[in-house]
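**Student:** Protein chains in written order, with the working numbering: chain A, 1 to 379; chain B, 1001 to 1379; chain C, 2001 to 2438; chain D, 3001 to 3438.
Don't take each hint at face value.
Derived CB-CB ranges, DEER-like [what the hints assert, rightly or not]:
1. R139/A with A2113/C: 54 to 62 angstroms
2. R139/A with R3234/D: 41 to 49 angstroms
3. P1311/B with E3028/D: 54 to 62 angstroms
4. P3214/D with E1039/B: 36 to 44 angstroms
5. D3072/D with Q55/A: 56 to 64 angstroms
6. S1032/B with S2309/C: 42 to 50 angstroms
7. P3419/D with P1307/B: 42 to 50 angstroms
8. P1311/B with D3341/D: 53 to 61 angstroms
9. E2232/C with E15/A: 38 to 46 angstroms
Cut-off 25 angstroms, straight-line C-alpha distance, at most; resulting in silico cross-link-like pairs (BS3-like, lysine-lysine) [stated by the list, open to error]:
10. K3070/D with K2420/C
11. K2427/C with K3420/D
12. K2427/C with K3144/D
13. K2420/C with K3420/D
Quick caveat, the hints were computed from the structure, so don't treat them as lab data.
Here the structure is a predicted model, which means the values were calculated and not measured.
Backbone N, C-alpha and C define an ideal beta-carbon position, used for all residues, glycine too.
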Amino acid sequence: MTVTTTAIAGAEELEDLRLSVRSLLADKSDESRVREVMESDLGYDASVWRQLADQVGVQSLAVPEHHGGAGFGQVELGVALRELGRALVPGPFFSSVVLGAGALLAAQDESAMAAHLPGIAAGTTLATLAVIETDGQWRTHGFTTRAREDAEASWTLDGEKSLVLDAVGADLYVVAADTPHGPGLFLVESGAAGLEVTGLRALDPTRRVGRLTLTGTPAAALGRPGNGTAALEHLLDRATAALAAEQVGAARACLEMSVAYARQRVQFGRPIGSFQAVKHMCADMFTRLEVAEAAATEAARAVDGLPDAPPAGEAAAVAHAVCSEAFMFIAQQTIQVHGGIGFTWEHPAHLYFRRAKVSQLMFGGPAVYYERLLERWGV
Amino acid sequence: MTVTTTAIAGAEELEDLRLSVRSLLADKSDESRVREVMESDLGYDASVWRQLADQVGVQSLAVPEHHGGAGFGQVELGVALRELGRALVPGPFFSSVVLGAGALLAAQDESAMAAHLPGIAAGTTLATLAVIETDGQWRTHGFTTRAREDAEASWTLDGEKSLVLDAVGADLYVVAADTPHGPGLFLVESGAAGLEVTGLRALDPTRRVGRLTLTGTPAAALGRPGNGTAALEHLLDRATAALAAEQVGAARACLEMSVAYARQRVQFGRPIGSFQAVKHMCADMFTRLEVAEAAATEAARAVDGLPDAPPAGEAAAVAHAVCSEAFMFIAQQTIQVHGGIGFTWEHPAHLYFRRAKVSQLMFGGPAVYYERLLERWGV
Amino acid sequence: MTASAPATPATPASPTASSSSIEAFVEEASAFLDEHATRRPTGTGRVVWGEGEDRISYFGDEPPEVDRAKVDAARAWQRTRHEHGFGWITGPTEYGGRALSPLHDLVYDQLEAGYDVPDTGVISLIGLGMIGPTILAHAREEIKQRYLPAMFRGDAIACQLFSEPGAGSDLANVATRAVRDGEEWVLNGQKVWTSVAHHAELGMAVCRSDPSQPKHRGITAFLVDMSLPGVEVRPLRQMTGGAEFNEVFLTDVRVPDDHRLGEVDDGWRVTMTTLMSERASVGGEGAGPVERAVSRSYLTAMLEAMGLSRDAAARRRLAEVLADLTATGYLNQQSLRTLLDGRAPGPEASASKLMFSHNLAAASHLAAEMVGPRMIAETGDWGTFSWNELLLGTPALRILGGTEEIMKNIIGERVLGLPKEPGTDTKAPFRAPTGEQS
Amino acid sequence: MTASAPATPATPASPTASSSSIEAFVEEASAFLDEHATRRPTGTGRVVWGEGEDRISYFGDEPPEVDRAKVDAARAWQRTRHEHGFGWITGPTEYGGRALSPLHDLVYDQLEAGYDVPDTGVISLIGLGMIGPTILAHAREEIKQRYLPAMFRGDAIACQLFSEPGAGSDLANVATRAVRDGEEWVLNGQKVWTSVAHHAELGMAVCRSDPSQPKHRGITAFLVDMSLPGVEVRPLRQMTGGAEFNEVFLTDVRVPDDHRLGEVDDGWRVTMTTLMSERASVGGEGAGPVERAVSRSYLTAMLEAMGLSRDAAARRRLAEVLADLTATGYLNQQSLRTLLDGRAPGPEASASKLMFSHNLAAASHLAAEMVGPRMIAETGDWGTFSWNELLLGTPALRILGGTEEIMKNIIGERVLGLPKEPGTDTKAPFRAPTGEQS
């Protein structure tokens, strides 16, 4: 697909986009390749990353045109994320394209956007977001990381950030920190003084995680110091809507894999899918997936502000809850449908299971997302 | 069975007791009789009540010997309650034998016990317990019903008590009220001045419910005024252990009915029980019932203080939660196994469903029983 | 943000196909509705605790006179619609229809949803929605002319005479006999679970015409005048206490052969076309007492009224129920949008039906938990004991119109392409079930 | 009230049957244990957050050298037991047993649970518990004499060579061929999911001896010396990352006919007797890392450590998990009491197995929720990321040793007496599955 300059893609364009991403991934990032790169030093396939940028423009989809992007929205990004989720493609898509670019957009800092969005859109700058601290809680205020402004109006950061996606290898960190004016977001460049980046052993080998230690590290304020909470809340809507797309893409792969196996695997002289136990398990997976798909679709439409869509805060929170539960459920049942083979390391089911649990917890987990849903409604 | 004077019945005696109750109920209180009496004015079969007292001594089982009872404990009472629950026998068993007698025992008021337990044990006095007030909350302190002591040390009560089991027709009410010394329990006799008793339309037609209005109603203190909370907490262990027995008895009837139907009902040329959907539904019911049965058994043993039993507070709270959930689940699935016929008024499934919901809620419901479980453990 | 129920679009979303004619139709329909009905006030989703009717019933369960009055109002409104050209929007003109597209039909429904009009479900769900199309496809010309206009004018309510005591999930197991006698058929048997039968002028009966054939063959379908001698309708009391359904006994009912639907012994195919429309129509949303109660507005008002606004456990459970409920609403909206775009709906309708019963059951158990002991008897407190009606009604949703197990078979086999169970009784000749079946 | 784990009785509860001999046995066993092992401190159930080993793994998943050391310790302890008359309490004296009752066996287990001794599961669960009794029942005299003493002395660990890629739930579908060649049989095929195989000296192989017979017939069972040429054991890595199981490839393995178990073509019956003991032995409780973590003490300590002591939602979910966990404990205690009373256990063991996997899964998802994002990577915080091991292990509990679906079939059919599905492949001759099956 050649990325056009219209802001809303039609059904046909969306289908073209989907097929472009799917065929590129089928070619270059099949399961055996995923397993290879997930155990490599880098953790992803740099050439796939480049091709997705150059041939399809995935990294640029939701970046505004005047910042070097395609100017599409969450709906279009969601189509690509479904495919990336489906194939469990390792790489800094979520961290850089969703969280990094998303934070820049949420903070509405024109000069920062002008400086960094073109690089992110081109896939040449890798950004990520650092919010969670050593207590492991997702929050939007009350950070122990402190930002201090010196006489020359330049900022330094002190603190520790944990569970940062794709921390190792990122070029640019958006760091949440408390300032005397309230919570703010700050940009820290890789290699900055007093910045230490460490990789952590992660549950999901296709989604790397690290830790930042900041000691008097120079940083640039992103937007107005004090705007951190609002920017993070706004970002959370976009990020969870994007995550929902990735979740339903991956969950659909699980369902398809389960159905294919249930049709072909024979026990007791019959394909196991002819037994109601297995058939109804698949039907339950289908039902949860349909609802999750609807929620993910509606969240993207809402974030894009389509006229007949519900409020973004509602739809994103609904999708975050429903898609997290659905993907976790479907990933579990996928193992059950496959029986013993589904429990082996060699079968992809466990990679989806790992991704499902990480997706469910990365923004705080059920306790947080259900409560957030009520808050979005003012309950 | 002739009720003996030993305090712990052996396995054979328990089996005799079970068979005595079951055969009497099969004879005198089958489903059509239950339906008849549940719609009668009295709401139960007085002759069945009498025969259970005279021929089996169900009402006297757990009353101490020196108060005219058989001196058995919760284990023996549980055997009888399982049968009463199984047949959904209407009547004031739970209200009088479990709650009424239980409150007298819990308050440890020797003179009140001497005065009333023999009548309850003989089935000639009908007692019940009035705790819940107009807000519908189960509580053990903070009552709006007030007890006042006059110069002659006699008490009067003012307030309203709601959701009182078998209120209409009871001879004796144990009423929880606040006193200047704290919560207390009081005895009010039927026909007392200022006592108004009204029946309410109940969810479960085999378990009647009413309301008391007390206006300057004379009452006798049961135990020391101020001991109400402790007595009610103690009573709750006995009452929920007893309820658990009734729940598993009723739930087992549901499972047996479902299995019998699944074996006999033919659709698509096969008994429906040969389909995994129905077979596994029954297996799930069985599994939950086995666990519930174990919890009910352990609760009774614990309340009776058997040497290798867990603490009564723990076991009763576990049984209350597990048996409430199991019975509700099993009653629902019983309707599902039966299909359309299970949804008719003429089929007994809905009577079990109603009983299951009432049992689950009468002491406050899930929010209360789960929290109570943690409190019993000091969590 | 105000607490209002998930919005149902009162105006159709971008009807792309033949939009100019649609626009004219919208104008015409709006004018008709403005003249004959009152526009519903917007924001009616808002619930004020303690205000309004305190009934939360999925089934009617109302006294017969109330029931009757509602049916009369439905007939009257259907007649008004019909007189103004909105009685049968997609129907052929020769039978009183407008010959417009299904999109026009949908657009009209969407418009009408914005007005306060009598509920015509008793006429439309089964009669117009399912039996009308079957008559159109399978009846003789004179039968079409005789019944279709009457049905769409609200004069003839039609019911299904399908299920039997021995034919529930296994509908092809019907044992009601149809024996040919010259130009008539003699019908004998018992039908069950027939909603609407006590109001119906017409029934569609599925009968066994040849027991020596395998069970899916040897079935013939008939249109039965419910006033014929030998047709006896008895109310069937369901577990809620009301009688929404009926048993229908057919004793030597003589039906003329011209009332046959489709060919002799080909009734299973006829029945399938009838049922196809059913699966799609169940599980939709409405504005009835259940939809009002099982809503964000009601349930959050309830949370507050029960003093649980700050109880994290109650909040968590409420959020779980509302997440599913809202997402199911999105799913239904998207199906509707697909239809309005002129595209065929996908298999999401079966998911929606399963979610519908799941959501109602979850909401009623949550409500019971929030209410607590006040659920066990009528204390007179608004919004407490009234939940019983729904609580007792939800088990039926997992059974009626196809059990959940049958729905899951359909999803597994037709949507996902999983193999059927090896059949054991599709080839053998049908033998009428004997008495031991219940 | 102190927060301690549900008590496991360290002394047997009222052994009624032949109690005098039991009392002497208790004294003898206690003296043996006091001399050779250390009594476990009481109250070990108490968890202090942050103290102790931070591993919550259902499967071994340990480095090979650690694994090997544990097996050596198990062998050594089994030998010590054997030397003092506790190696095979119920076994016939001619093979080194004590010829005492199952009650004595149970009493010994209960006593030993009070001491800190090496876990001998690797020897006892499959070898002594299942294959030992099978050899006793079905092997020739010289085979019994050769292997039984060695097994119960800890010298020969035995494994099952049952499951195959094409024979999982449908175990009778085995395709491994056994072809007779004079006084030997030649075995060819692939076995899978064989735990313990990498430590085993012996295997019990279920093979297809006559493919022309229906599948439950034409099966023959053999005892296979794992050191024979053609036996290849390859570790099978499971989703947790460790390799608790193996694939075993049999290539022209020549087994003497005297190593046959039972009659030729009667191996299914032999296998069934082996499996009967399995169903009962799975699902028990122990004192391993999983039992320590999935306990009231650990989980309530976790609630506090995660700052959720006053969070009603977390409390509610914790209470739900603990209620099931505690009630399942009661169920197991009651089964044990039944056994100790000398009565036969009821069908509650199958319920217990289903609850076991349910409880472990529920606890691990609850723990994940309490931990939150720290579950996604190893931050070094005690009691957080370590839950992954259990989380990733629990799906296996619904599959291994009989899937939940098979367990539910067994409950439905054998316990509740529901009819089997009409069989489609029990009469037809077996044909070895071809390559397209995976």
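**Student:** Would you mind marking each hint as holding or not holding in the structure?
**Tutor:** Hints, one by one, checked against the model:
For R139/A and A2113/C, the Cβ-Cβ distance of about 43 angstroms falls outside the hinted range of 54 to 62 angstroms, so the restraint is violated. A beta carbon spacing of about 48 angstroms between R139/A and R3234/D agrees with the range 41 to 49 angstroms that was offered as a hint. A hinted range of 54 to 62 angstroms for the beta carbons of P1311/B and E3028/D is inconsistent with their spacing of about 34 angstroms. At roughly 58 angstroms, the beta-carbon separation of P3214/D and E1039/B lies outside the given 36 to 44 angstroms, and the hint is violated.
At roughly 57 angstroms, the beta-carbon separation of D3072/D and Q55/A lies within the given 56 to 64 angstroms, and the hint holds. Between S1032/B and S2309/C the beta carbon distance is about 48 angstroms. The supplied range of 42 to 50 angstroms therefore holds. For P3419/D and P1307/B, the hinted distance range of 42 to 50 angstroms is satisfied, since their beta carbons lie about 45 angstroms from each other. Roughly 23 angstroms separates the CB atoms of P1311/B and D3341/D, a value that falls outside the hinted 53 to 61 angstroms.
A beta carbon spacing of about 57 angstroms between E2232/C and E15/A contradicts the range 38 to 46 angstroms that was offered as a hint. The suggested pairing of K3070/D with K2420/C is violated, with an alpha-carbon distance near 49 angstroms, which exceeds 25 angstroms. Proposed proximity of K2427/C and K3420/D is supported: the alpha carbons are some 21 angstroms apart, at most 25 angstroms. Of the pairs offered as hints, the one joining K2427/C and K3144/D is violated, with about 54 angstroms between alpha carbons and a cut-off of 25 angstroms exceeded.
Taking the CA atoms of K2420/C and K3420/D, the gap is near 17 angstroms; set against the 25 angstroms cutoff, the hint holds.
Consistency note: the structure conflicts with the earlier hints numbered 1, 3, 4, 8, 9, 10, 12.
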